[in-house]
Structures are given as C-alpha cells and as structure tokens.
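Below are the chains, spelled out letter by letter.
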Amino acid sequence: MSGLVIETTGLRKEFRSRRGTRVAVQGLDLAVPAGGVHGFLGPNGSGKTTTIRMLLGLARPTAGEMRLFDQSVPASLPSVLGRVGAVVESPKFSPNLSGRQNLLLLSRSIGTPDTRVDEAVETVGLTGRDRDRYKGYSLGMKQRLAIAATLLKAPELLILDEPTNGLDPAGIREIRDTIRDLGESGVTVLLSSHILAEVQQVCTSATIIGNGRLLASGTVDELLGEGTAHRVVVADTSAALATLAAAGLNASLDADGEHLVVDSDDGAAITRSLGAAGIWLSELTPLRPDLETYFLELTAADTLGTTTGDPR
Amino acid sequence: MIRLLSVELTRLRWRRAVLMLIALAVVVPAVMFAATAWNTRPVSDQELEQARSQLDNRYSQRDLRQCAREPQNYGLDLDAGEAGVAEACEQQILSWYVSRTPLDLAGESKEGTLLGVAAVVCLLMLLAGTTFVGHDWNSGSMSNQLLFESRRLRVWAAKAIAVSLVALLLGAVVMTLYWMGLRGLAGSRDLPIPVGVTRDGLQVCARVTALAAGSALGGFALTMLLRSTVATLGVLFAVSIAGGTIIGIIGSDGSARWQPQYNLAAVVAGDVTYYDQSSVPTECLTGQRVPVDVDCDGEQTISAAQGATYSGVVLALVCGASVASYRRRDVP
Chain A
7 MSGLVIETTG
17 LRKEFRSRRG
27 TRVAVQGLDL
37 AVPAGGVHGF
47 LGPNGSGKTT
57 TIRMLLGLAR
67 PTAGEMRLFD
77 QSVPASLPSV
87 LGRVGAVVES
97 PKFSPNLSGR
107 QNLLLLSRSI
117 GTPDTRVDEA
127 VETVGLTGRD
137 RDRYKGYSLG
147 MKQRLAIAAT
157 LLKAPELLIL
167 DEPTNGLDPA
177 GIREIRDTIR
187 DLGESGVTVL
197 LSSHILAEVQ
207 QVCTSATIIG
217 NGRLLASGTV
227 DELLGEGTAH
237 RVVVADTSAA
247 LATLAAAGLN
257 ASLDADGEHL
267 VVDSDDGAAI
277 TRSLGAAGIW
287 LSELTPLRPD
297 LETYFLELTA
307 ADTLGTTTGD
317 PR
Chain B
242 MIRLLSVELT
252 RLRWRRAVLM
262 LIALAVVVPA
272 VMFAATAWNT
282 RPVSDQELEQ
292 ARSQLDNRYS
302 QRDLRQCARE
312 PQNYGLDLDA
322 GEAGVAEACE
332 QQILSWYVSR
342 TPLDLAGESK
352 EGTLLGVAAV
362 VCLLMLLAGT
372 TFVGHDWNSG
382 SMSNQLLFES
392 RRLRVWAAKA
402 IAVSLVALLL
412 GAVVMTLYWM
422 GLRGLAGSRD
432 LPIPVGVTRD
442 GLQVCARVTA
452 LAAGSALGGF
462 ALTMLLRSTV
472 ATLGVLFAVS
482 IAGGTIIGII
492 GSDGSARWQP
502 QYNLAAVVAG
512 DVTYYDQSSV
522 PTECLTGQRV
532 PVDVDCDGEQ
542 TISAAQGATY
552 SGVVLALVCG
562 ASVASYRRRD
572 VP
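These protein sequences, in sequence, are chains A and B.
Note that the first sequence covers residues 7 to 318 in our numbering.
Note that the second sequence covers residues 242 to 573 in our numbering.
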C-alpha cells in the first residue's frame with residue numbers, strides 16, 4: 007500500500023497524425039496523497055487534461071503505469087470508477103434533455119436512487135432550474151451540473167478540470183468553499199485550474215507540469231518556501247534606512263521609492279530596531295512568493311530550457 | 242447489463258429525433274394504407290352510371306364496333322363469332338372509364354405497397370439507430386457516460402440491444418398491422434383471398450422486421466465507428482451511389498450477385514431474379530445454332546437465405562469493426 011490515491015510512473019501519451027507524432031505527456035510521475043486538495047497546474051497544452059483523461063480511461067496511454075487507489079488502471083477501472091467523480095474539460099451533457107434528466111441517466115447507470123439526484127442538484131444550487139433544458143443553461147449552470155454529476159457517486163476522489171470556468175464571483179466562492187469542505191471531509195480532490203490564486207487558497211499540495219513533464223511537486227508551503235523579506239511602511243524612510251543598516255539589516259527602497267524592503271524574515275527584529283529609534287511602523291508585511299510567480303518562473307524556465315528538445 | 246439496457250431504453254425514449262423517426266415509421270405506413278384503401282375502393286353505382294353514359298359518345302361507339310370485330314386487339318381472348326363478345330367488349334370499354342384496380346393481396350405482398358412500407362420502416366430505423374448514438378458523439382456526452390461505466394463493450398452492447406429491440410418491436414407491429422389491415426380490407430370487400438397469401442404476407446413481415454432491426458443495428462454500429470451522424474449518412478449515400486458501380490467494376494463475372502440492393506430485396510421479397518450475362522454460355526451469344534440442352538436464359542435467382550447471409554456477413558463486419566474501434570480509440 008503506497009497511501010497514494012493517484013500514482014503514475016513514466017506515463018507517456020503520443021498522438022499520431024499524418025503530420026507526425028505529437029508527444030502530449032512524456033514520462034510523467036505523478037503522486038497524489040490521500041486527503042486534501044491537490045492542485046494540478048501547467049500551461050495550456052502541458053498535458054494536464056490528457057493525463058486526467060488517461061487516468062479515467064478515456065484515452066489510452068502509449069507507455070507507463072497508472073494506479074488509482076493502489077489498483078492498476080485501466081485494468082481495474084471498473085472496480086475503482088465508482089469511487090471517482092470527475093469533470094473533464096467542459097461539461098458534456100445532452101443539450102435537449104433537462105439537467106435533471108441528464109443526471110437521472112447517469113445515476114441510474116450506476117444504480118443509485120433517484121433521490122441522490124435531488125441531493126446533488128441542491129448541493130450545487132440548481133434547484134428550480136434542474137428541469138430546464140441543458141442547452142438553455144449558462145456556462146456557470148453547466149459547470150454546476152457537471153459538479154452535481156460527480157456527487158452522484160459520493161466519490162472518494164474528485165477530479166475537477168477548471169471547475170470554476172464561467173462562474174460569477176459568488177459562484178466561484180461557492181465552488182471554492184465546496185472544494186475546500188470536500189477536501190477537509192476526507193475526499194481527495196485533484197484540482198486542475200488556471201486561476202492560481204484560487205489554487206493557492208484551497209490546495210494543500212500541488213503538482214506543476216510543463217511540456218508533459220513533471221516540473222515540481224509538493225505541499226504549497228514546500229513549493230513556495232518561507233518568506234525571506236518584509237515590506238515596511240514608515241513616515242521617514244531615510245531615518246529608517248539608516249537605523250536598519252546600523253542594526254545590520256539590509257534594507258532598500260522599493261521601486262516606487264515609498265516603501266522599504268528589508269531582506270530579513272525576522273519581523274520582530276525589524277520592529278525592535280525601528281521602535282528603539284523612535285520610528286513607528288504603520289505597516290509590516292512579509293513578502294512571500296505567490297504560486298503565480300512561482301508557476302510563471304518555473305514554466306518560463308522550462309520553456310527556455312527545452313526549446314530545442316520540445317517534443318512538439 | 243440489464244440496468245444499462247434500461248438506461249439506454251430511457252435515453253432512446255427521451256430523444257426527440259428518435260421519437261420523431263418512430264412516429265414517422267407509424268404515420269407513413271398509415272398514410273400508405275389509407276391511400277391504398279382509397280385507390281382500390283370498389284366502384285360505386287354513381288361512378289358506374291357516369292361511366293355508362295360515356296359509352297354513348299361516338300368514340301366509344303367506334304371502339305365497341307372495332308372490339309366486336311377484333312376482340313383480341315382489345316385484350317379479349319374471344320373469337321369474333323362467339324356469343325357474348327358485345328357484352329365483353331362493353332365491359333372492357335367501360336373499365337377504361339372506371340380504371341380502378343381492386344385490392345390484390347397477392348400482388349401487394351410480392352410487389353405492392355407492402356414492400357414500400359418495408360423500405361420506409363427499414364430506412365427510418367437505420368436513421369433512428371444512427372441519430373440515437375450520433376447525438377452522444379456530437380454532444381460529447383459519450384465521455385460523460387464512460388465516467389460512470391467504463392466497460393466499453395457493455396456500453397456498446399447495451400446501446401446496440403436497445404436500438405435493435407425498438408426496431409424489432411416497431412417493425413413487427415407496423416408490418417403486421419399493415420398486412421393484417423390489408424387482409425381485413427380485402428375481407429370486408431368480399432374480395433377473393435388466395436390460399437396461402439396471408440401466410441406469405443406474414444413471412445414478408447417477419448423478414449422485414451428482422452431487416453429493420455438489422456438496419457437499426459447497422460446504422461448504430463457504423464455511427465459508433467465513424468462517430469458522426471453526418472459521416473454515416475455520407476458513407477451510406479456514397480455506398481448507395483457508387484457501391485454497385487465499384488462492385489460491378491471489380492467483379493466482372495457474376496458481380497450482380499454481390500450487389501447490396503439485390504440481396505436486400507431478396508430478404509424482403511423472398512427471392513430476386515436478375516439477368517447475369519456472364520452466366521450465359523458463349524454459344525448463345527455468337528448467333529450460331531445453340532444445342533438444345535444449353536440454357537441461354539441468363540436469369541439468376543438470389544434466395545432469401547442467400548440475401549440474409551450476405552446482409553448478415555456485412556452487418557457482422559461493420560459491428561466487429563465498430564466494437565474494435567470503440568474499445569481501442571480515445572473518446573473525446
């Protein structure tokens with residue numbers, strides 16, 4: 007027992023066409039531990055959706071191994087699929103059927119009672135609109151219906167590919183809270199999203215891929231590292247600079263010349279030094295790299311480093 | 242599997258395009274039945290009286306005189322000297338003015354509207370099988386379905402059984418109702434019903450029912466292979482236009498035996514006779530004296546069994562390719 011909910015080893019996917027072979031995923035090793043929300047990040051075309059589709063049996067890998075709940079897939083997919091809820095890319099339902107009819111067909115195919123549909127519809131806030139035709143739904147409603155479909159199984163693993171696409175801010179918050187709650191309730195959520203701030207807010211761990219390869223993986227804290235600087239706002243910046251320098255702290259003015267940036271992760275030392283000199287801080291903010299910055303740096307480096315080796 | 246089949250039957254029931262095709266498969270035969278009943282209705286006394294009044298005009302009188310002299314020219318197998326020639330000629334000329342053929346059950350079952358209904362039902366069931374699953378591919382909901390049941394062979398089989406069952410049931414009901422309706426109509430008009438004609442008609446109905454189910458299955462399987470209703474219809478159109486020509490070019494001798502339309506017609510009608518020049522001995526074509534024992538007929542027959550075997554093999558090949566493709570290829 008590895009304790010991993012998702013595990014891939016050397017996963018590879020090639021698409022062959024008349025124009026040649028395109029490698030979408032090349033030797034990807036992915037490990038998603040049980041519980042919590044795991045971000046799955048990468049630029050467009052990096053192989054995220056292809057990886058998800060291979061895990062769910064919609065695409066056949068060219069090489070490599072995949073395991074869900076410690077069982078090899080796609081061989082054991084029929085036995086583990088009941089524990090997995092997934093939204094892959096955009097929601098896909100029959101446009102002429104109502105949202106409820108679409109859910110009923112899926113629900114009955116796995117033998118769950120029809121009452122489960124009512125519960126799922128209520129959970130995603132579609133009550134009252136579930137009997138409308140799917141083709142009349144807004145993009146946000148379609149997303150909600152797709153999430154409702156994943157809840158029909160009471161999944162232990164939820165794979166969500168851009169689940170907040172098209173949602174309004176209130177809807178995004180609702181879905182974010184739902185995802186967070188699910189993660190805290192013991193459901194493992196694999197969240198593929200381009201909205202990195204959102205990922206940072208809900209994810210406990212993340213994997214970043216580029217060009218079909220693993221670039222980084224770990225908890226969000228591990229990926230971002232500790233903050234190493236502080237931003238300081240004081241009335242007299244010149245006096246503050248001199249005081250900090252006297253205290254052995256390296257400080258400088260930021261780009262707009264109004265605030266100080268102190269190269270130290272010790273906020274207490276900064277406060278003590280300035281306070282002792284009678285300089286009172288109006289703001290002290292730890293400067294921590296966000297996921298977006300980290301992601302952009304990582305993927306840019308990958309693109310630069312693999313220009314000649316890019317399989318595409 | 243039963244659960245999946247039930248879901249697919251529900252999906253079929255909820256799909257409007259399929260319902261419309263099923264409704265058409267009921268309405269069109271009903272209209273054809275009404276048209277047949279109307280076109281073969283007995284001649285009324287009023288119509289007969291109107292026709293008799295036409296006999297008084299000079300053209301009819303001239304025809305009556307000529308007919309009396311040479312009845313054979315008017316399709317009457319009588320000598321001019323025989324009694325009753327004048328009566329027979331009058332009836333013959335009269336029939337021109339009330340030119341309505343009474344319902345002929347034997348003719349209906351062999352080359353009449355029963356075959357037309359068969360063509361309509363089979364074509365509509367083919368379209369139903371195509372559009373049923375074409376919608377799944379077009380909307381992308383196929384992938385969603387596979388997220389709930391990943392065993393693709395089961396999904397394929399459940400859908401295939403659902404469309405075949407519906408076509409089988411509809412074909413049986415529509416064909417039997419149509420034929421028994423014609424039988425009842427003939428009975429109500431006191432028309433002679435030849436011995437065995439009811440059974441022959443029911444046999445046609447049974448074969449058409451099987452063909453309708455096969456058409457639905459074939460349309461379904463081809464669409465699962467091509468993943469598009471439009472592509473399937475395009476291929477079927479191309480085959481119907483160019484298929485016969487290609488078979489004719491590839492197989493020079495006896496190619497007519499492999500023409501799809503002859504084999505399908507054999508299944509429906511019981512047998513089909515066609516002319517095959519390649520089966521005619523050379524001496525029949527050279528203009529020389531032909532020995533008595535040489536058959537220069539050139540007519541060949543495809544039996545219902547041969548037609549069914551041909552159609553079954555084609556259907557099995559399409560289904561095999563469809564299953565293999567569905568199981569192996571990525572689903573968008």
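What the hints contain is simulated information worked out from the structure, not anything from laboratory work.
Please note that the accuracy of each hint is not assured.
[Stated by the list, open to error] To give an idea of the interface, some chain B residues facing chain A are shown, with a C-beta separation under 7 Å as derived from the structure:
| hint | residue |
| --- | --- |
| 1 | N385 |
| 2 | L388 |
| 3 | E390 |
| 4 | V572 |
The C-beta atom is built at its ideal place from N, Cα and C for all residues, glycine as well.
Against the structure, the hints come out as follows:
1. Checking N385(B) against chain A by beta carbon gives a least distance of about 5 Å; that is within 7 Å, so the hint holds.
2. Because the smallest distance between the Cβ of L388(B) and any Cβ of chain A comes to about 5 Å, under 7 Å, the interface hint for this residue holds.
3. For E390(B), the suggested interface contact is upheld, since its CB lies about 5 Å from the closest CB of chain A, less than 7 Å.
4. The interface hint given for V572(B) is met, as the beta carbon of that residue sits about 5 Å from the closest beta carbon of chain A, less than 7 Å.
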